[in-house]
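Participant: Could you build all of it, start to finish, from the sequences and the hints given here?
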Amino acid sequence: MELVTSPGEASDPQEGHPDPGGAPDPPRPDTEDPHGPGVADAVGQIRGPAADPLTEEDQDAHFREGRDERRNASVFDVRSKRGAVAPNGTAIYNEVNYLGASDEVQVQSGFFDERVVEQEMHTYQPGENDRDASAMLHDLNVLRLCADPGEGPRTTAIVLLAEMCAPGRIGVITVTGSGSLALLPGKFGFLRRFDGYLLVLNGRPLSATTLDVIRTEFSAAGAFLVVIDRSTRDQHDRYTVRHVPPPRLQVLAAHLRARLEDHRAECRPEDGSSCTVVPDDQVRAWLDNPEVGKQATVVAHMCDVVELARELAANVHTGEDVALLVRRWDQRLYRLARKLLDQEDEPGEEHLKLRKQAFRIAYVLFFDHTYADVFTVAEMLSLKILPRFEVRDSVPQYLITDGSLSKLIHPEMCAPEARTPNGNGDHPRRARIVDEKLVRTLLEVAWHEYDTFRDPLLAWLVVLLGHSGFRIQIRAAQIAGLLATFDFDHVYATLLRVWARGNVAHRSAAAFALEIAHSDDRLASRVKSQVLSWAHSPDWRLKDSAARAYGTAIGAENVDAAIGALEGLGWGTALVGRNSIAYSLAALFEIAPHRVAEKVADWAHSDSESLADHAVRTLLLIARFQGGEPGTEDWPTLLALTSDGKPRERLAGLWRRALGSRLARRAWECLRLWLHCADRDKHLADVLEPVVLAAMAGPLNRPALFYMRVWSSQHGTAEFIPRIHALLRQPPDQGDTLS
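Quick note on numbering: numbering that gives the first Met the number 0 labels position 544 of the sequence shown as 543, and the sequence is numbered without any gaps.
I should point out that these hints are in silico values taken from the structure, not numbers from a laboratory.
For every residue, glycine included, the Cβ atom is placed at its ideal position computed from N, Cα and C.
Using C-beta positions, here's what the derived DEER-type ranges look like:
#1 Thr-215 to Asp-606: 51 to 61 Å
#2 Ala-264 to Glu-162: 18 to 28 Å
#3 Arg-664 to Gly-563: 29 to 39 Å
#4 Cys-302 to Arg-337: 20 to 30 Å
#5 Ala-134 to Val-212: 19 to 29 Å
#6 Asp-236 to Leu-323: 47 to 57 Å
#7 Ser-524 to Leu-382: 33 to 43 Å
#8 Asp-147 to Ser-108: 22 to 32 Å
Facilitator: Below, the structure is given as structure tokens:
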């Protein structure tokens, strides 16, 4: 679908049209807040001092880490909801590492309880490619399962490991730290013969070259590893098999049978007789019911099939109509959301009711966040926001001990592993909910069925954007985006329009919120029109917000149109010295790396100084991306994209422009990362040498000699930097070094 190419009419957003942003807002009294009176009264009394402005390095770090944070939870990962279209017609996000993002990764391991493994084996149903996967694991000791989220690769992985490994020696490896996974080799000293481990990547790239080294360690130890890769890009190497799940009705039957067998073993009828349930007959009867079959095939994830089996087995003796039972199960999250807010089944402790509501909302909406984050945002809501919207004779008193989780959390809202003393093995502990879809359901219930809750919720989001933790800011923006899918006009007028004219955090939040709203097909066209309207505004803040939006899924839907829009914004002077265009081009680089690289090189040689400035800023981001095709997985991505001749000449010219710009200090530091990569790869060193020498030729020769001399002394084991230093001191070669 094309991005809208005309600015739209200057009409009021309340009428369902884009807000043009063309004319400045009329002057407001000092006491008036643009969020509206109800929200302003609460926010104005508790808003703290403005956060210190971020340095460019801080903003770059937030860009890198925030990208992953926005995709950690499937309910907020919009990549799977609207296709990204690159110029070649593919819909691929290239998962990348960041050079210099961190020098560390830590590896922890632990074993599953044997009963967990037995359960998985008992309910396992073979998929189409499982036999090939088993043979590959047997031969190579290492296997990568590429799987879509929610399609049950964990069960397959555990069963494959159980075929090779000793009982009680099947476990999981957890990787922490934001460093490249190329640093994993050498960190598996805990391996023993016939150990089997599961490693879930969660989108982090792991190259075949790194797997080669890991395989050597596991083979030497006689251990086995299954890597579950949930990235959106299919891998093509000798370690990889695509996980094809078995039919859902087949999985449902297996889990029903297992549940009923457990039920028969535990069932004690009151008359002393034995249980009358015959598992095979009962399973057949359930599967013959059209409502059961329909529900099993339409649910989003395989785990929902397992939950449906649990619900049916738990009601085997109730005599309830199966169709009604299935429909009631389908509404389970709605009923749970009502239960969390109403608290009708929790008599007593009236003074805790407000705090329970606030904490449960915070726990659900900030799932996967640390308990520290959840406690912080819950206290903001219960102690600073909600009381300002209530009329009471006195503020309810409570003790410090009233804040225990057992009193605040409803047990049905937590994931099963979160109900145990050790949680999910998280350190620090994190909020885990029973189903990510509870986020949208709880918001929908609170928004549509509690008429007095809207203003407190919006005020809470405004205050959260002032928090110093950028992960809290991102989640607040995503929540605002979900609310916009319920009532776009109201949320836009109250929050998003104001945020788009705010500081850096607010402008980013406006873009992230629109990204979520754009994933709703009913709003996609409206959102794109709104972004275009911002882009045509004379207000530089709205232009900046538009530029940030083009770097989200809004721009990814049509990369060429998004790049064109960013180029239009870059020609003007409104965004000179700002990073928003660079951030968006770097985000689009994941989808269309060749197209973005070509455009950045064009800009660097443009007559427009503003475009050249944006090109340099973009280079400083995409030059840190690491990963390419087989054989170049550990190369800087930008270099891996180029071939001999003209493309590398243009790359050298781009570096030359950056090294001589007012951002030269950051550019030299970024180039140093490339030089260090060449120490580990002779082929990379041979390819990089002529590019670097061409970039440092002419007026840059003297500063280049200075940096090479300093870096050579700082990094005594480096080989490539002294090599470049020696070549720079030689008389210049009159030939074309890049041909």
